[in-house]
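Trainee: These are the residues of each chain, in order.
Protein chains: 4
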Amino acid sequence: MSANKRKVCVVVNSRANYGRIKTVLTAIKNHPSLELFLILGASALLARFGNVRDIMERDGFYPNSTVYTILEGETPTTMAKSTGLAIMELATIFENSKPDIVLTVADRFETIATAIAASYMNIPLAHTQGGEVTGSIDESVRHAITKLAHIHFPATDRAYKNVIRMGEPPDTVFNVGCPAMDVILNIDLKIPARFFEEYTGVGPKIKFNQPYIVVLQHPVTTEFGRGYIQIKETLAAVREIGIQTVWLWPNVDAGSDDVSKGLREFRENYPDSPIHFYKNFAVEDYARLIDNCICLVGNSSSAIREGSLLGVPAVNIGTRQLGREHDVNIIHVNYDRIEILNAMKSQIKHGRYTKSHLFGKGDAGKKIAEILASVKLNIQKKLTYKYDV
Amino acid sequence: MSANKRKVCVVVNSRANYGRIKTVLTAIKNHPSLELFLILGASALLARFGNVRDIMERDGFYPNSTVYTILEGETPTTMAKSTGLAIMELATIFENSKPDIVLTVADRFETIATAIAASYMNIPLAHTQGGEVTGSIDESVRHAITKLAHIHFPATDRAYKNVIRMGEPPDTVFNVGCPAMDVILNIDLKIPARFFEEYTGVGPKIKFNQPYIVVLQHPVTTEFGRGYIQIKETLAAVREIGIQTVWLWPNVDAGSDDVSKGLREFRENYPDSPIHFYKNFAVEDYARLIDNCICLVGNSSSAIREGSLLGVPAVNIGTRQLGREHDVNIIHVNYDRIEILNAMKSQIKHGRYTKSHLFGKGDAGKKIAEILASVKLNIQKKLTYKYDV
Amino acid sequence: MSANKRKVCVVVNSRANYGRIKTVLTAIKNHPSLELFLILGASALLARFGNVRDIMERDGFYPNSTVYTILEGETPTTMAKSTGLAIMELATIFENSKPDIVLTVADRFETIATAIAASYMNIPLAHTQGGEVTGSIDESVRHAITKLAHIHFPATDRAYKNVIRMGEPPDTVFNVGCPAMDVILNIDLKIPARFFEEYTGVGPKIKFNQPYIVVLQHPVTTEFGRGYIQIKETLAAVREIGIQTVWLWPNVDAGSDDVSKGLREFRENYPDSPIHFYKNFAVEDYARLIDNCICLVGNSSSAIREGSLLGVPAVNIGTRQLGREHDVNIIHVNYDRIEILNAMKSQIKHGRYTKSHLFGKGDAGKKIAEILASVKLNIQKKLTYKYDV
Amino acid sequence: MSANKRKVCVVVNSRANYGRIKTVLTAIKNHPSLELFLILGASALLARFGNVRDIMERDGFYPNSTVYTILEGETPTTMAKSTGLAIMELATIFENSKPDIVLTVADRFETIATAIAASYMNIPLAHTQGGEVTGSIDESVRHAITKLAHIHFPATDRAYKNVIRMGEPPDTVFNVGCPAMDVILNIDLKIPARFFEEYTGVGPKIKFNQPYIVVLQHPVTTEFGRGYIQIKETLAAVREIGIQTVWLWPNVDAGSDDVSKGLREFRENYPDSPIHFYKNFAVEDYARLIDNCICLVGNSSSAIREGSLLGVPAVNIGTRQLGREHDVNIIHVNYDRIEILNAMKSQIKHGRYTKSHLFGKGDAGKKIAEILASVKLNIQKKLTYKYDV
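Protein chains in written order, with our numbering: chain L, 42 to 430; chain C, 42 to 430; chain W, 42 to 430; chain U, 42 to 430.
Don't take every hint at face value.
The list makes no distinction among identical chains, and a pair is therefore deemed to hold if it is satisfied within one copy or across any two copies.
Said to hold, decoys possible - Straight-line C-alpha distance at most 20 Å; calculated DMTMM-like pairs for lysine to aspartate or glutamate: (1) Lys320 / Asp298; (2) Lys396 / Glu380; (3) Lys302 / Asp95; (4) Lys386 / Glu76; (5) Lys402 / Glu380; (6) Lys46 / Glu325; (7) Lys302 / Glu238.
FYI, nobody ran anything at the bench for these hints, they're computed from the structure.
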């Protein structure tokens with residue numbers, strides 16, 4: 042560590058996390074006044090969720106510290122406990138690494154764990170993706186993190202306004218766009234041949250030169266116990282439409298087990314269905330994957346974020362993204378096989394949408410690094426609302 | 042448990058916690074549609090902070106569960122870790138006791154631990170004292186809890202407005218006043234003779250029929266490392282004024298060790314100083330203690346809350362209460378022995394202030410219980426801000 | 042709780058655990074001077090390992106408390122951490138339930154977690170299966186638990202002697218046999234028709250009226266990293282022999298992921314192989330399963346214990362059971378497909394062995410309950426070795 | 042780290058720990074084939090127990106990692122929980138530092154935490170002070186650690202035999218003596234003048250050129266709840282004898298609070314008693330302190346170990362050291378003020394004993410480092426007992 046550099050600690054916890062922060066990691070690494078301290082934790086370390094660590098190391102990001110924090114069970118109880126565990130572990134790592142700034146990504150339980158450890162330890166906390174509105178527990182958690190964070194990097198204009206309306210000082214809020222957009226705007230989006238070797242998964246092979254659908258549907262924590270029924274609706278619709286499909290396994294949230302159970306049963310019952318199940322893709326390859334699909338289905342925020350920039354026709358199912366700002370490429374439907382099927386058909390018929398810059402213009406990573414290097418650091422927060430006393 | 046009753050879980054973590062929630066506990070216990078599930082944790086279990094458990098049991102409140110969660114060290118690191126540990130432990134207890142509502146008090150690390158465990162476990166969370174503005178990490182944490190809570194019980198009109206401005210649905214916010222006020226308005230405030238037997242502490246005996254000062258100064262977590270210097274200013278002022286003084290030990294926050302070190306050194310150096318050190322008082326006795334003092338000094342919120350209702354002349358030192366709504370009984374000063382001394386003299390000269398109902402009228406406990414029994418429970422939150430799309 | 046009854050806390054953590062202690066649970070429940078306090082934890086709560094909880098509840102055993110303690114990852118690190126986590130959690134449960142005796146089963150990480158929590162909390166600790174010799178970390182852990190336990194229930198004569206030679210007072214060591222034997226001696230061992238409905242698993246259906254093999258091979262923690270290669274040898278041998286096979290998924294030990302990976306790959310590559318994969322069986326059904334098989338293969342202690350009583354021809358692979366006392370029904374082989382294949386052929390040719398009572402006569406459960414009800418409880422241990430001073 | 046060096050991780054948790062391992066740390070640091078990785082944890086980080094960290098840093102030992110693991114409460118429950126917490130934390134540190142050997146000291150809860158984390162992580166474990174016999178939970182824990190350890194460094198001939206009798210392979214057991222003896226044999230034992238500045242404590246000043254007593258009495262965990270009564274007996278005896286006394290605060294074991302309460306009450310009641318209370322001494326200074334005293338009183342093992350080498354007349358109270366091998370300098374008494382007083386008088390009258398080498402000859406540190414550098418490392422343990430099969 043150079044005495045003149047600000048040491049920025051970033052905690053990466055999952056494949057989604059990594060995609061949302063990758064260009065920031067690069068920009069920090071390349072910035073003359075910043076030093077990157079990288080922690081890998083949670084599902085980023087688990088084989089079950091694909092080798093995120095391997096993908097990161099291939100990109101040149103080696104962790105300074107790793108920490109296991111996922112308590113098995115995938116229930117609301119284990120989610121709470123994993124949060125507590127992550128706080129305890131991260132505090133020890135912060136104690137020993139002494140970062141100048143901690144940067145936390147989005148709205149997951151690992152994100153708030155990072156936020157709480159940093160806050161209580163008087164380490165200035167920066168936060169990306171604050172101010173957006175969604176469903177699930179993520180909605181509560183995202184805004185709670187905003188109230189703990191000292192530096193805010195919202196991704197849209199409306200999110201920027203929301204953060205300020207919640208009482209954050211405007212000079213700590215920076216509308217920089219979403220770093221996930223940066224990735225997309227700087228690569229060739231053709232599906233490369235190596236796809237077939239690199240990503241194996243299970244199920245019949247996908248022919249990427251022919252039309253295919255992509256599905257990614259996570260559990261909704263606030264609807265815990267209903268994931269099995271919900272995923273069966275999506276499976277029925279996808280089976281009915283009969284087009285080859287790339288299906289990604291869900292994340293580690295409470296209820297993941299229910300979703301997986303539905304997927305596994307489907308595989309046993311319909312082994313010949315043209316669905317190939319994957320665990321994980323490199324960030325750029327995921328962009329390629331959805332850019333070339335004819336319809337993106339599920340409840341991942343990537344349909345709204347990356348999807349809008351790429352103009353991908355997308356069907357958003359259920360409440361997980363409810364209320365999230367989005368562009369015209371999205372059709373919202375309920376957990377209902379008929380609604381899902383009809384929306385898929387309609388989107389496939391419509392085809393590609395115009396590209397939208399709602400979530401940024403591709404320079405978020407650099408802007409964030411620049412701000413982290415120069416922003417005044419102050420740990421005492423204060424609600425900004427004024428009253429006539 | 043009766044099938045018809047709502048089971049309300051309250052986690053009491055310290056003497057201050059208990060004072061702020063006692064009348065709510067009573068009201069829940071007495072309510073025909075509510076069942077109380079009481080958890081005792083953190084410093085409420087530690088002899089070092091006085092026997093809060095004993096005091097509660099004398100009041101008829103026996104814990105359904107106890108849980109040790111304070112990691113020793115009193116540094117920012119251990120505060121973070123204690124938060125994580127409390128989440129893990131509370132999750133197991135919630136898992137086994139299945140409350141319908143969890144009620145969390147104010148803004149401490151145990152409070153946010155309770156909030157996070159309940160939130161992720163889809164248990165509706167009620168919160169008292171939201172919307173107030175102060176210094177210390179409590180400021181961040183209080184508002185973060187508001188963003189996690191489903192039912193809000195702010196104590197003042199301004200706090201009520203702040204909670205709504207932060208984006209909480211107005212029909213979930215109830216301006217009920219502070220339960221700590223309830224206690225005061227229902228008791229005889231004379232200092233009873235039994236004081237001398239019940240509270241021993243260390244140092245020369247206090248003559249409660251003669252003028253005395255009360256001091257209570259906690260560490261400020263966001264100023265960690267400066268507590269020793271800060272407390273020496275207060276000690277110098279109190280020594281200079283030469284009036285007999287009741288001094289309460291600080292709470293368990295990061296920096297407590299520094300404050301205690303200052304107090305202990307003072308005791309060694311000035312064993313004959315007319316200062317008596319106490320660990321704890323019963324809730325009602327603390328009210329009696331400050332109602333009869335000539336000046337309340339330090340940075341406890343009790344000067345602002347109970348103090349305003351009682352009209353106690355008070356000197357508030359430093360940043361811990363900075364920005365908190367208060368009435369005319371407060372003089373703010375810096376960590377400076379001259380400023381503190383002058384403010385004390387000025388307040389003693391002024392004498393008693395008019396009683397203020399800024400923090401409530403004495404019916405908060407009953408109102409809260411009533412609302413808990415009848416309010417619609419809903420776990421999916423959503424920021425209320427509207428935009429023209 | 043009756044004031045006159047001894048409250049015996051038993052922590053059940055896995056399907057294996059339950060089979061080894063079931064008749065003790067029944068005997069405690071039925072004993073007039075004992076009260077059962079049942080904790081369910083670790084993999085007994087995880088769907089991935091079969092619904093042990095459901096099986097237990099069908100048997101009439103409802104947990105007084107449940108606790109999630111498995112940190113995901115299945116590495117040596119997560120095994121250590123899961124041990125630490127279990128200690129912390131169990132301590133809180135013991136604190137709140139105040140058992141008179143804690144009973145811990147065998148030699149797993151949950152077992153030593155239970156032992157340490159009870160020991161430090163001055164709760165007399167009883168232990169089953171002490172004094173046996175094996176491979177894996179279980180070998181170290183088993184003897185460490187013996188040194189913490191106050192009451193010993195070894196299962197064989199040699200184990201009894203070993204416990205005493207390690208310095209335990211002979212009047213605290215009781216050679217009662219293994220409770221797992223009790224189960225077998227009291228049931229009809231025919232495979233019932235309901236098997237087909239109750240246990241689904243994945244893979245081609247097993248015809249239980251025709252010859253079949255059973256395989257159960259766990260990871261060896263002290264050989265972490267080699268599980269994938271090891272399981273491939275077994276899979277190759279089983280594929281070669283071509284007989285229909287019941288295969289049970291491995292337990293949660295470090296390396297489980299490697300074993301599972303091997304199994305999953307095999308399933309993808311040889312979907313038509315006559316192997317059916319199961320997660321779990323009820324205790325009695327597992328006995329039926331192996332009693333009717335023509336060969337039991339792998340490294341489970343059940344081949345040695347239940348296998349000897351039933352006279353099941355068994356092939357024990359590798360080091361996990363190395364050194365464990367056994368009868369003539371076992372052939373030991375290395376991780377080598379040829380050795381495994383030859384041993385299987387040899388055992389199938391040999392057929393059934395004479396039943397052996399090496400591990401008990403079927404009354405262990407009752408004996409253990411009787412001793413728990415009457416034994417003198419003393420928490421201060423002392424090494425018994427004598428020296429001329 | 043050099044690729045050719047063995048990385049030896051030592052976890053130091055308290056002042057006592059440090060004294061017992063200091064010369065080993067030096068020898069590892071100086072050994073050409075070893076690299077020291079030093080972890081500081083538990084009470085070594087707490088101001089309440091004296092600044093062990095400061096003392097170590099003055100000696101040139103800077104921690105590679107620090108970790109807070111003491112859960113406050115000082116009850117059997119918190120002791121168990123602190124053990125669990127330490128396992129979790131140490132596992133993360135081991136994961137990130139990858140030591141070749143872990144060395145753990147003696148018999149405390151931090152010691153077994155270290156042992157369990159290393160064992161499950163397949164890291165060869167070395168252990169000092171195995172095979173000794175005492176009271177308290179330490180007795181159980183010490184032998185449990187022996188059963189987990191791969192390399193044993195007992196301090197006496199009898200301890201050496203005990204370790205082997207417990208079933209450890211003789212070629213892994215090395216009778217090297219106690220490293221604490223090394224310290225003593227290499228220093229000038231005169232009390233230096235700087236004592237008065239360096240160690241402040243509380244109470245009347247000690248005149249080190251006049252006769253003084255040293256008292257150090259820890260809680261006995263297996264007698265939890267009786268510490269307050271027990272310490273009052275010792276205090277009464279010391280008060281009666283009326284000689285100036287250096288009194289050290291007890292360690293962090295369960296019951297410490299009771300002992301401290303007794304000491305604090307005594308201080309309030311008899312402020313003029315010629316007793317000076319200290320928290321901590323540098324290792325060498327503690328040796329000087331007891332070498333120059335006329336009687337060492339309490340239940341610390343230092344009376345038996347260092348005391349025998351120095352020939353210090355000592356009174357051992359109660360069960361904590363019961364059964365521990367010792368020399369003639371010890372008189373055992375019960376928790377009884379008369380017995381204690383009489384034994385003190387008798388020892389003071391007797392004066393200095395002949396020096397004994399029961400616990401080593403001063404070369405333990407170097408021997409241990411040499412063995413750590415050259416011993417064959419093997420993680421699979423196996424009970425050595427032989428039987429005719």
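Trainee: Compare the structure with each hint and give your call.
Mentor: Against the structure, the hints come out as follows:
no.: 1; hint: Lys320 / Asp298; verdict: both (15 Å within a copy, 15 Å between copies)
no.: 2; hint: Lys396 / Glu380; verdict: neither (25 Å within a copy, 63 Å between copies)
no.: 3; hint: Lys302 / Asp95; verdict: between (27 Å within a copy, 17 Å between copies)
no.: 4; hint: Lys386 / Glu76; verdict: neither (49 Å within a copy, 52 Å between copies)
no.: 5; hint: Lys402 / Glu380; verdict: neither (33 Å within a copy, 54 Å between copies)
no.: 6; hint: Lys46 / Glu325; verdict: neither (30 Å within a copy, 41 Å between copies)
no.: 7; hint: Lys302 / Glu238; verdict: between (27 Å within a copy, 18 Å between copies)
When each numbered hint is compared with the structure, violations occur for hints 2, 4, 5 and 6.
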